[in-house]
Structure formats: structure tokens, C-alpha cells
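Protein chains in written order, with my numbering: chain A, 171 to 386; chain B, 85 to 339.
Derived by calculation from the structure, the hints in this document are not laboratory data. Watch out, some of these pointers could steer you wrong.
Some but not every residue of chain B turned toward chain A, in silico, with C-beta under 8 Å [claimed, not checked]:
1. F95
2. H107
3. L134
4. V136
5. S138
6. Q156
7. S163
8. R171
9. H186
10. Q191
11. E195
12. Y228
13. G230
14. S233
Straight-line Cα separation of at most 25 Å, BS3-like style, residue types lysine-lysine; simulated pairs [as the list claims (entries may be wrong)]:
15. K310/B / K302/A
16. K302/A / K322/B
17. K89/B / K311/B
18. K92/B / K302/A
19. K379/A / K311/B
20. K322/B / K306/B
21. K302/A / K210/B
22. K211/B / K201/B
23. K192/A / K344/A
24. K283/A / K210/B
25. K92/B / K322/B
26. K311/B / K322/B
All of these numbers come straight from a predicted model, not from anything done at the bench. Cβ atoms here follow ideal geometry from the backbone N, Cα and C, with glycine treated the same way.
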Amino acid sequence: MNWDIISGYGDMYLQGALTTLKVCLLAIVFSTLLGFFIALMRLSGSRILRGIAFTYVWVFRGIPLMLVLFWLYYAPPFDIMLPAFVAGVVGMSINSASFKSEIIRAGLMSVNKGQLEAAEAIGMNPFQKMFKVRLPQAIRLVIPPYINNCVIMMKESAQVSIITVPDLMMAAQKAYNSTYTVAETLGVAGAVYLTLTSSLMLLQFITEKKLRINKH
Amino acid sequence: MILVKGLKKSFRNKPVLSDIDLHVREGEVVSIIGPSGAGKSTLLRCMNLLEVPSDGQIFLENRPVHFRTNRQGKLSFRSQLQLTWYRTQVGMVFQHFNLWTHKTVLQNLIEGPCTVKKVPKAEAVKKAMALLEKVGLADKAHDYPGDLSGGQQQRVAIARALAMDPKVILFDEPTSALDPELVHEVLDIMAKLAEEGMTMVIVTHEMNFARRVSDRIVFMEKGAVKKIGTPDEIFNNKEDARLHQFLRSMTHMAG
């Protein structure tokens with residue numbers, strides 16, 4: 171292990187890791203919101219909304235993230251030129267929302283019908299029913315698959331380096347290309363990725379523990 | 085109090101309820117009995133619009149209840165938003181309790197008042213504690229429903245309905261899911277409520293209880309009301325062979 175190489179690229183790695191984190195966090199937030207609405211559309215009474223949501227999931231779950239990134243950055247629709255960072259966040263959000271909507275839909279559907287009827291019978295309107303009864307229960311159920319999806323996102327975010335976003339993967343590539351050492355460049359990047367994904371797993375552990383319904 | 089007029093319900097063109105008329109007066113306890121599949125629960129659920137009647141009218145204290153269905157035969161979104169006034173005044177107790185499992189007993193009781201009626205939390209808590217005292221579960225206020233027995237859960241569910249200050253409470257087979265030795269604790273509370281003058285509609289298989297607390301009993305069969313009368317009229321009935329046979333089979337089971 172040559173520590174000089176590592177310290178020489180330290181700053182670039184730090185910037186790269188921050189960019190990766192930023193892309194991921196933003197994409198997680200947007201894909202969760204988008205996924206939630208798509209899930210609602212798929213569960214709605216309107217055949218049109220259901221059709222749109224189904225098509226969305228079918229298309230974006232079925233095509234590679236990298237293709238979406240290429241399309242948004244190199245061949246954007248309506249010639250809207252997006253900065254690489256924005257294209258990266260949007261591409262990942264679009265891609266991941268298709269998976270997250272299915273996770274969220276499963277969670278919403280698994281909430282006991284009787285408890286929803288009780289909410290209705292007590293006079294809650296559809297919004298209160300959703301936010302007071304349905305979501306709080308669904309969240310508990312979807313945490314494991316949801317975090318699972320976020321971990322995958324974090325790793326897949328390496329693909330944004332292809333469209334020139336200066337993320338951790340790009341830093342690692344640059345460092346490797348100019349030193350041809352493996353452990354000090356790719357190895358260190360791997361360790362940083364592992365740290366980032368581990369923090370998500372820690373988050374899962376904490377939230378699951380916190381939301382557990384006391385059963386002694 | 086509650087007036088049901090010409091209520092009909094069919095599922096996929098299969099009629100389940102045909103032309104039900106029922107008038108429940110203030111302070112009255114009405115029990116609905118009948119063989120399974122008679123449409124008792126469906127009638128009760130229609131009265132709370134958990135099932136939407138295919139036809140007919142419902143009035144609460146002379147105010148008509150408006151409801152519309154969407155294409156799936158469920159309550160339309162707009163109706164769901166507009167029925168709060170009705171639902172807050174008509175309480176419901178379910179066969180399977182349907183307590184919110186992610187909330188404590190106390191939270192279950194204050195959720196309706198705080199969220200729907202916008203009662204200040206401190207006030208709701210005070211009232212909830214008094215109600216828990218009444219159903220004998222004040223010490224369980226901070227437990228989760230999953231930690232309670234079936235009988236205790238149903239008592240909480242009754243307290244939850246009471247917390248909304250309803251004008252009438254509908255009971256959908258409230259003891260059918262309970263272990264036999266837990267049935268009485270729920271029935272005791274219901275009898276106490278009846279004594280206090282609460283208007284109640286009860287779908288039940290507990291014949292002795294129905295006979296003891298009801299002002300009137302409704303006998304249903306095949307989706308229709310076959311007979312309405314005082315407990316004495318119903319239980320001493322001789323002329324209606326089907327009712328007689330039903331009551332004999334029920335008492336035989338209990339004995």
C-alpha cells in the first residue's frame with residue numbers, strides 16, 4: 171500500500187464521494203416521491219391513471235439505467251440540454267421510481283383492510299386515512315426492500331461517471347489511469363462505496379428498531 | 085334517529101339485500117338476528133356506507149345521507165370527503181375489532197377526535213382515559229392492541245367508538261371472534277351502554293343477550309326483513325315456522 175498515492179488523490183476522492191452522496195440522496199428523495207405517486211396511480215380507480223402507471227413501470231424497470239442516462243445527457247428530449255449532474259439525478263430518479271413504486275404499492279396493499287375500514291367508519295377522509303393509518307403501517311413493512319433498493323441505487327450511481335459527472339467512480343478511474351495501482355485507487359474507492367452503503371444499512375437497523383411496535 | 089328506506093344491495097347483479105325498511109328510534113336497542121348469509125352484516129355495513137347501497141335512502145335525524153358510487157361500485161371520492169358529518173355520528177364496532185395496531189390503546193382512542201373532530205389533544209386524552217376507566221382498561225392505555233386479549237381489544241374498540249360521541253353505534257357481530265370465556269366482558273359493557281340510553285344496532289348470534297337488552301329484534305333471512313318485534317313477540321312466536329326453527333337451532337347450540 172503506497173499511502174502517498176492515496177494522499178495525492180485524497181481531495182479528488184472526497185469531492186467525488188460528496189458528489190456520489192449528493193446524486194444518490196437527491197435521487198432517493200425524488201424517486202420516492204415519484205414512486206409514491208405512481209403507486210397511488212396504480213391503485214386508483216381510474217383506468218387511465220392505472221394504465222399510465224403500469225406503462226411507466228413496464229418501460230423504466232425494463233430498460234438499463236445507463237441507456238436513460240445517455241438519452242438524457244447526449245440526446246435529451248426537446249433539446250433540453252441538461253448539466254451532467256442534473257441529468258444524472260433525473261436519470262436515476264426516473265429509473266429508481268419504477269422499482270420504488272412497486273415496493274410502495276406492495277406496502278400499501280398489505281395494510282389490513284379492517285383497519286382502513288375502521289378509519290373510514292370513524293370519519294377520516296381519504297387523505298387522513300392515508301397519512302394516519304395506511305402509510306405509517308406500510309412504512310414499517312417496506313423498510314427492508316426499500317433500503318435494499320437504495321443500496322442498489324448507491325452502487326448503480328457509479329454509472330453517472332459515464333456521462334461525465336465527477337463522482338467517486340470517476341475519481342477512482344482517473345487515479346487508476348495515471349498510477350496503474352489497483353489497491354490504492356480502485357480498492358480505496360471500493361472501501362468508500364462500502365462505507366456509504368453501510369451507512370444505509372445502519373439507517374435501516376435504526377429505523378426498524380425505532381418503528382418496531384412494542385411486543386415484549 | 086336512523087331511518088333506512090327501500091335499501092337494496094347487490095354484488096355483481098346478485099341481490100343480497102332487497103328492499104329493507106328500518107327505523108331505529110333514539111335510545112333504542114335493535115338487534116338483528118338470522119341465519120348466516122341472511123345479509124345482516126351487509127345491512128349494517130350499508131348503514132355506515134362501508135358498502136354502498138345499490139338503491140334506497142338513509143336519513144340521520146331527518147337529514148338525508150348522500151352517497152354515490154364510482155365505476156368499481158365503491159363510494160366515490162367526493163362522497164368519501166362529504167360523509168364525515170355522518171360517520172362521526174354513527175359509530176361502528178367490528179367483529180375483528182380493527183384497532184390500529186401501530187398505535188397504543190390511548191392513541192387509538194384520541195385519533196378520531198383529534199384528527200377528524202379537531203378536539204384539542206389534552207381534552208381528548210382526558211376523555212379517553214375516562215372511557216378506558218369505564219371499560220375497565222385504564223391500566224392498558226399505553227399498551228399496543230397486539231398485547232391485549234380479544235375481549236380487551238373489543239372493549240377498546242367500543243371505547244374508541246364512544247370517544248367520537250356518536251348518536252348511534254352499530255355493532256357487527258362484536259363477540260363472534262372471541263373465545264367463549266371472553267364474551268361476557270364485552271356483552272356486559274354493551275348492556276351498560278344500553279342501560280345508559282345509547283342508541284344501538286347490534287348484529288349478533290347471542291340470543292339470550294339480544295332477548296335481554298333489545299327493545300326490538302329484527303329477524304332477517306335471504307336478504308329481507310322477515311319479522312320485527314319486541315323480544316317477547318319474537319321469542320314466543322309460534323306462527324312463523326322458519327323463525328321458530330332458527331331460534332330452536334340457536335338455543336340448542338347454546339345449550
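Consistency of the hints with the structure:
1. Taken as an interface hint, F95/B does not check out: its beta carbon lies about 16 Å from the nearest beta carbon of chain A, beyond 8 Å.
2. Annotation: H107/B was flagged as interfacial toward chain A, and the flag is violated, the nearest CB pair being 22 Å apart, outside 8 Å.
3. The restraint placing L134/B at the interface with chain A holds, with a minimum CB-CB distance near 5 Å, inside the 8 Å limit.
4. Checking V136/B against chain A: minimum C-beta separation of about 12 Å lies over 8 Å; hint violated.
5. Nearest Cβ of chain A to the Cβ of S138/B: about 18 Å, over the 8 Å cut. The hint is violated.
6. Given hint, Q156/B at the interface with chain A, holds; its Cβ is 6 Å from that chain's nearest Cβ, closer than 8 Å.
7. Among the interface hints, the one on S163/B is violated; its C-beta lies about 10 Å from the nearest C-beta in chain A, farther than the 8 Å criterion.
8. Restraint check, R171/B versus chain A: the minimum CB separation of about 4 Å is within 8 Å; hint holds.
9. Interface restraint check: H186/B against chain A, minimum CB-CB distance 5 Å, threshold 8 Å, status holds.
10. Interface hint status for Q191/B: violated, as the beta-carbon distance to the closest one in chain A is roughly 10 Å, over 8 Å.
11. Evaluation of the E195/B hint against chain A yields a held restraint, the C-beta minimum of about 6 Å falling below 8 Å.
12. Among the interface hints, the one on Y228/B holds; its C-beta lies about 5 Å from the nearest C-beta in chain A, closer than the 8 Å criterion.
13. Because the smallest distance between the Cβ of G230/B and any Cβ of chain A comes to about 6 Å, under 8 Å, the interface hint for this residue holds.
14. With a least beta-carbon distance of about 14 Å to chain A, the hint placing S233/B at the interface is violated under the 8 Å criterion.
15. A distance of roughly 41 Å separates the Cα atoms of K310/B and K302/A; the hinted pair therefore is violated under the 25 Å criterion.
16. In summary, the hint linking K302/A to K322/B is not supported, as the alpha carbons are separated by about 52 Å, beyond the 25 Å threshold.
17. Between the alpha carbons of K89/B and K311/B the distance comes to roughly 16 Å, so the proposed pair stays at or under 25 Å and holds.
18. About 33 Å separates the Cα atoms of K92/B and K302/A, which puts this hinted pair outside 25 Å; it is violated.
19. For the suggested pair K379/A and K311/B, the alpha carbons sit about 55 Å apart, so the restraint of at most 25 Å is broken.
20. Between K322/B and K306/B the CA atoms are separated by roughly 20 Å; this keeps the pair inside 25 Å, and the hint holds.
21. For the hint pairing K302/A with K210/B, the CA-to-CA distance comes to about 21 Å; that is within 25 Å, so the pair holds.
22. For a cut-off of 25 Å, the pair hint linking K211/B to K201/B stands: about 14 Å separates their Cα positions.
23. Annotation: proposed proximity of K192/A to K344/A holds, straight-line Cα distance about 20 Å (limit 25 Å).
24. Taken as a hint, the K283/A and K210/B pair is broken in the structure, with Cα atoms around 30 Å apart against an allowance of 25 Å.
25. About 29 Å separates the Cα atoms of K92/B and K322/B, which puts this hinted pair outside 25 Å; it is violated.
26. As the CA atoms of K311/B and K322/B are separated by approximately 13 Å, the hinted pair is consistent with the 25 Å bound.
The structure is inconsistent with the numbered hints 1, 2, 4, 5, 7, 10, 14, 15, 16, 18, 19, 24 and 25, although it conforms to all the rest.
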